[in-house]
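Visitor: In the order they appear, the protein sequences are chains H and S. Here the first sequence is numbered in the working numbering, starting from 1 and rising by one per residue. Here the second sequence is numbered in the working numbering, starting from 1 and rising by one per residue.
Just to be clear, a hint being listed does not mean it is correct.
[Stated by the list, open to error] Listed next, the in silico SDA-like pairs over lysine to any residue satisfying Cα-Cα at most 20 Å (straight line):
#	chain 1	residue 1	chain 2	residue 2
1	S	Lys305	S	Gly332
2	H	Lys87	H	Ile275
3	S	Lys148	H	Gln292
4	H	Lys192	S	Pro106
5	H	Lys221	S	Pro149
6	H	Lys294	S	Ala181
7	H	Lys255	H	Leu86
8	H	Lys36	H	Leu60
9	H	Lys221	S	His150
10	H	Lys63	H	Ala43
11	H	Lys294	S	Lys148
12	H	Lys210	S	Asp121
13	H	Lys294	S	Gly332
14	H	Lys210	S	Ser109
15	H	Lys294	S	His150
[To be verified] Derived Cβ-Cβ restraints for the label pairs, each shown as a range:
#	chain 1	residue 1	chain 2	residue 2	range
16	H	Gln292	S	Met30	42 to 48 Å
17	S	Ser56	H	Asn116	25 to 31 Å
18	S	Gln112	H	Leu279	37 to 43 Å
19	H	Asn289	S	Ala87	46 to 52 Å
20	S	Asp81	H	Lys221	37 to 43 Å
These aren't lab readings, by the way, just hints derived from the structure by calculation. Ideal placement from N, C-alpha and C gives every residue a C-beta, glycine not left out.
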Amino acid sequence: MKKLLNCFSQGRTWIISVPYIWLLLFFFIPFAIVLKISLSESAIAIPPYEDLISYADDVLNIKLNLGNFHFLLQDDLYFLAYLNSLKTAFFATVLCLLVGYPMAYFMARAEASVRNVLLMLVILPSWTSFLIRIYAWIGILKSNGLLNNFLMSIGLIHEPLEILNTNVAVYIGIVYAYLPFMILPLYANLLKMDLSLLEAASDLGCRPWKTFLKVTLPLSKAGIIAGSMLVFIPAVGEFVIPSLLGGANTLMIGKVLWQEFFNNRDWPVASAVAIVMLLLLLVPIALFNRYQAKEAANEAK
Amino acid sequence: MNVATSTATMADSAKRPEQTILQIQQVTKMFGDTKAVNDVSLEIRKGEIFALLGGSGCGKTTLLRMLAGFERPTAGRIILDGQDITALPPYERPINMMFQSYALFPHMSVEQNIAFGLKQDGMTRNQIGDRVAHMLKLVHMSKYARRKPHQLSGGQRQRVALARSLAKHPKLLLLDEPMGALDKKLRTQMQLEVVNIIESVGVTCVMVTHDQEEAMTMAGRLGIMDSGEICQVGSPTEVYEYPNSRLTAEFIGSVNIFEGVVNEQAEDAEELLITSSELECPLELSLNASVSAGMPVAVAVRPEKISVSFERPEQAANWVKGTVSDIAYLGGISTYHVEITGGRRIQCTVANVARSTQDRATWGDEVYLSWDTASGVVLTS
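Turn these sequences into a full structure, and let the hints steer you where they fit.
Guide: Here is the structure:
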């Protein structure tokens, strides 16, 4: 019996260790490499940076170069890019929430048979390549694209709107691409809500709109937070959308990182940019975790 | 429905003058092709506790939800205190409901839950505070004012739910399976407590339950429902002792039913004689039903009205001989299952007055079962 139990617990350890090994291999080690590069000095070599540790003449040299981080502080391009990324991600998240909440709400309240169809419709676009879908938006938004042609043909506008290569296009792209990530957690949350609570509110004299504000909205807080995190975090580092839909003056940190890496071939500075971005994102993630831990503790009580 | 009116006249003879507060007039509710509630008319009196009793799917919950306003009747009217509320949305009705699952708002404290309805009325902060404190005291929950619902036990949640539904001084209180979420022991305790609270407030109350014991303990009057219709309305005693149909007789408590035919009888006879093929002797009852000779009827006799003896009873009617085939010993009482000629089993309950079991009939004993003329009830439907 004891042997069986032992065997069982070993099996359990093994299964639990799988995600840890995965995280170690594909998250922690790459992170350590990036951190290492961000502390090295750039050089004309392959790869284009110097090693941190060198051993020559019986001297072990460990050289940590903080200059890359210092450099980020000196040039306000980086600061502005970070700020702009955070701002863009924030407003895109708010827009996703405004568009996604009603969609998730009506999906959750739809009849069971319709519900699954709607869910499929939300997920379906992700079956096409992300890149192709963003390219498609170029065709829609450009001066003689679908949207402008349509608006002009119905006489609403007389000259084409300039949308492509502006921040508006970036917002459209991000909201479009990340909407499912907002809808799905909200939908799951709203679906399991106890509808008798809404009846109780109505029974106690609360009008429908007020019931939504006082009962539905506070109870879907967990879904709102989860959805917002899923949109905000990748949106901060988004590179494809601003470079395809945004203009020359669209400043986002993902784009800056790309340029630093490929155009300037300055791996150490690019790595420093990535590290700082990660540190910035740690703040909302930590807040999210704390909220979840608190909720879990409440449930347990 | 004539059932409702006939029992209403019966109760009119009671001393208290009764004032009707709620009228349900020919209410029907269809879900697709199924009639969940079929032409129900009912009058609820001011200050009473009325229980709708029935099995699952009998339409009692639908009827209650129509009173609350969550369902709109397909036909018929609901009139509360002279006002037609049939088309009013729930948030405009002076009716509050205690939900089966209590439906307490999980993100609000006990206090906030109770204050929720009051805030909708635009009361001042002080008024709300006073009212909440009063309600908490009424249900003995003052200590728990700041707790969240998930920190409370089942019984405590129920008290909060009751306080919340009473806070707004509703004209009508609805209880949906009020004890459904409690375990048996707590249930009996809470039944009496809830009744005490409701009576101290003096609110009219309509409750829905499938538990006859609960209905009989808590309610002043019952309405037995089956397949969307009200079969009988009356006080617990009336419904138990004078069921008007086989259905109510069998739904409330246990009953032995004998099929038979009404005998010819003298005009001035005070007793009714019925011949049943199941019994050797005739059934004799005090006259309590309008029947005519030759009519097929059923006679219901409650188990506790039947006595068990070893000697043949002296009476000419209302007895039968049989063999004890089963005894369910329940402590205070025992239920005997006695097999009579023809294989039919009769149930009778015997109070275990003496501690010794010596004189009691036991398995395989031949016994005589008998009851008196006042015990049987004639059922024509």
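Visitor: Each of the hints needs a verdict: does it hold here or not?
Guide: Quick rundown of the hints versus the structure:
no. : hint                            : in the structure
1   : S:Lys305 - S:Gly332             : holds (16 Å)
2   : H:Lys87 - H:Ile275              : holds (19 Å)
3   : S:Lys148 - H:Gln292             : holds (18 Å)
4   : H:Lys192 - S:Pro106             : holds (14 Å)
5   : H:Lys221 - S:Pro149             : holds (18 Å)
6   : H:Lys294 - S:Ala181             : violated (28 Å)
7   : H:Lys255 - H:Leu86              : holds (13 Å)
8   : H:Lys36 - H:Leu60               : holds (17 Å)
9   : H:Lys221 - S:His150             : holds (17 Å)
10  : H:Lys63 - H:Ala43               : holds (14 Å)
11  : H:Lys294 - S:Lys148             : holds (14 Å)
12  : H:Lys210 - S:Asp121             : holds (13 Å)
13  : H:Lys294 - S:Gly332             : violated (52 Å)
14  : H:Lys210 - S:Ser109             : holds (19 Å)
15  : H:Lys294 - S:His150             : holds (14 Å)
16  : H:Gln292 - S:Met30: 42 to 48 Å  : holds (46 Å)
17  : S:Ser56 - H:Asn116: 25 to 31 Å  : holds (29 Å)
18  : S:Gln112 - H:Leu279: 37 to 43 Å : holds (39 Å)
19  : H:Asn289 - S:Ala87: 46 to 52 Å  : holds (50 Å)
20  : S:Asp81 - H:Lys221: 37 to 43 Å  : holds (40 Å)
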